[in-house]
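First to last, the sequence lines map onto chains A and B. For the first sequence, position 140 (counting from the first letter as 1) is numbered 140 according to my numbering, and the numbering increases by one without interruption. For the second sequence, position 363 (counting from the first letter as 1) is numbered 363 according to my numbering, and the numbering increases by one without interruption.
Think of the hints as simulated: they come from the structure by calculation, not from any bench. Quick reminder that beta carbons are idealized off the backbone N, C-alpha and C, glycines included. Treat each hint with caution, since some may be false.
[Claimed, not checked] Some chain A residues flagged as far from chain B (calculated, every beta-carbon gap over 10 Å):
#  : residue
1  : 20
2  : 21
3  : 26
4  : 62
5  : 87
6  : 122
7  : 159
8  : 166
9  : 170
10 : 171
[Unchecked claim] With a cut-off of at most 25 Å between alpha-carbon atoms, the simulated BS3-like pairs for lysine-lysine come out as follows:
#  : chain 1 : residue 1 : chain 2 : residue 2
11 : B       : 103       : B       : 58
12 : A       : 31        : B       : 264
13 : A       : 160       : B       : 609
14 : A       : 162       : B       : 577
15 : B       : 609       : B       : 587
16 : A       : 170       : B       : 577
17 : A       : 56        : B       : 317
18 : B       : 567       : B       : 596
19 : B       : 58        : B       : 90
20 : B       : 354       : B       : 15
21 : A       : 160       : B       : 576
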Amino acid sequence: MQMGETGVRERRALRPPEEPAESRIDEIIEKYGGERRWLINILFEIQTEYRYLPRKALEYLSQRMDIPLIDIFGIATFYKAFTLQPRGQHTVTVCLGTACHVRGSTDVLEELQRELRVRPGQTTPDQEFSLETVNCLGCCAQGPMVVVDEEYHGQMTPAKVKPLLSAASKKV
Amino acid sequence: MMKLRDTSELEKYRKTHLERRDAGRRWISLCVGTGCIATGAGRVAAALRRELEKANLKDVQVKETGCPGFCERGPLMVIHPQGILYQNVKPENAADIVKRTLKGGEVIPELVYVDPSTDQRVELEKDIPFYSKQKRLILSNNPLVDPTSVEDYFAIGGYAALGKVLNGMTPAQVIDEIKRAGLRGRGGAGFPTGVKWETTRRAHGRVKYVVCNADEGDPGAFMNRSVLEGNPHSVLEGMMIGAFAIGAREGYIYVRNEYPLAVKNATLAVQQARELGLLGTNILGSRFDFDINIVRGAGAFVCGEETALMASIEGKKGVPRQRPPFPSEEGLWGRPTNINNVETWANVPLIINKGAEWYSTIGSPSSKGTKIFALVGKIRNTGLVEVPLGTKLSDIIYGIGGGVPGDRKLKAVQCGGPSGGMISAEHIDVPVDYEGLKKYGAMMGSGGLVVMDDSTCMVDIAKYFLKFLLEESCGKCTTCREGIERMLELVTKITEGKATMEDLGLLEELATIVQESTMCGLGNTAPNPVLTTLRYFRPEYEEHIKQKRCQAGVCRALITYWIDPKKCTGCGACAKKCPEGAITGRKKEAHTIDAKKCIRCGVCQTTCKFGAVWRR
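Build out the structure end to end from the sequences listed, making use of the hints.
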């Protein structure tokens, strides 16, 4: 789809993603006693730390926990909660559950795509916003639902998208 | 917190907490479930506390509780002891509530519920038809307890069932009680819970596990979220009793990542139970050891399937495996494992407390007890509804749900999530239980009821579910991985008006093949949305193919937008908003849409204040 000329955001300087520190990853592994069964939790914590799963961190994890790198990548790509791409400062998540769908979540998503000029799963080049979709957040009564970072916004319409993004932009 | 060493200490602990509470005291129950939080309940709570402080009303407690179910009207608040329900409460109302209701004893008319069918104001929560027509055994506790307070759970009789079990019941007696109660799994298939427990108990091996499936992936279902989030101790108590009966020493709660509040509250509840000695070794002096771990899912729908869920707990990819062996024989790390979902576990303490005879009087002949349904979509009263199994679907939709809003017509009700099916409006009197729904090609699933009116296109819905399932298929079975994709291609062709009648035949054939040749529940049931929409709405499919028409006005390729020159004032608002620059016209003159440029996003229609943009 061709993107319109209506982007609300000014371009910001590209912020390089942080370099993963081995000592921090050691701490996380330690917290779970280095047990293989907590691998998913360990990945969650690494992602919280860096807002994505840096390749270097995964390589180090593989070596430290003695798990083949391919298995770690298998898990990191199987589950939707993980991302191998750096995430933006703010994450905008659109619920595409059935209840939201019948109430018009597709239109909201399309408006977000037009405003941010990215597709779901992508991050704006200035690293400010990542656009994500989710299958159901369980707040079906207030659909269509959009979550910005951890804040829930119910009864969304395409018209509410622009103000929502500019409000998020002001928060750091 | 002190450790409770035996059941008498447990009762003493309860008594001391009950004594501190005065039955006539004033308190406010404010829902801070995820739904009400989205409409600003957090800010309401803060404002209310501020105003109470200002008015020096220290005796009035504000309790932040889980979801009472009437999500449509959130933020919700009930003022006790009268039981006055205020709906759509805003932070600005806080001062008024304190001044007029708490101090003045007056009910604020603007904040009470108005019954749309009679236009009458209903002041008390218990008189609202949405509540009065339900039978709330599980959900009724949500607005009574602060999920972060174990004392609250004790105050409503919590852990009494555990005490009863550990104070003289044998595992066989517990299993027998559950069997006689007729409890069936609330996760979808409806397998008898007591039988499952017995099989796991009898399975070989000393190490056994119990698991709580809180990976409520079905879009449109959120009862498990509400129970785990709003009353986590009831789930823990159920699991403790189950573990005792089965002989398990370790339990897992697998919660989906999309429910952060449920993860938080369940984690806290486990900590509290450990501190009280309700989890750990030698629980209540009975020599029964048991502990619970919380595992967070990572966003994979297929992990709701039991074998995939167990793989995920083990820290692997959540890919299902062939059954048998069933988890009750070979589950987590190859050991016998009993999996039940949140709602099933929450029913257990109830049965132990009140007895199997009482429980088995509720429900239909084959399905006992109550079931929580999530009533969502095009319905007036969205929310959670708990009714005895066997209740007519029409009673749920019209009696409790208040029917379809506006002057639209009910078209169908989608039951059971992506694996479920449609119940068309003509079969609306079907009794909702495991067998009743199956007869019409739908299934109970976890209990999501998505209501659809005549502005919903059935082909589009089939496409929606196929897209969903395509994304969520783990890819292990070829027929699921490729079959769903080919079905989606065919349905997409139909929605674009490019299909022939042969394609429809092919779609049906493919659906049957996928159904029969995949391994797990996801694949087996993936064709259901297509098959049931075809069963009841075939003419709609044919209309898309033959007349290239989408009656509901949903399928983009088959609709056009145009501006009514008589209504258009030429304000230019739509032209400014149009992302494609497809709308042109001079100021104060009627505008037109260039159909070639138009991407049919509908922005112009939602922008126009004069109702001049039409869709056909």
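Could you tell me which of the hints above the structure violates, numbers in ascending order?
-> Number 7 only.
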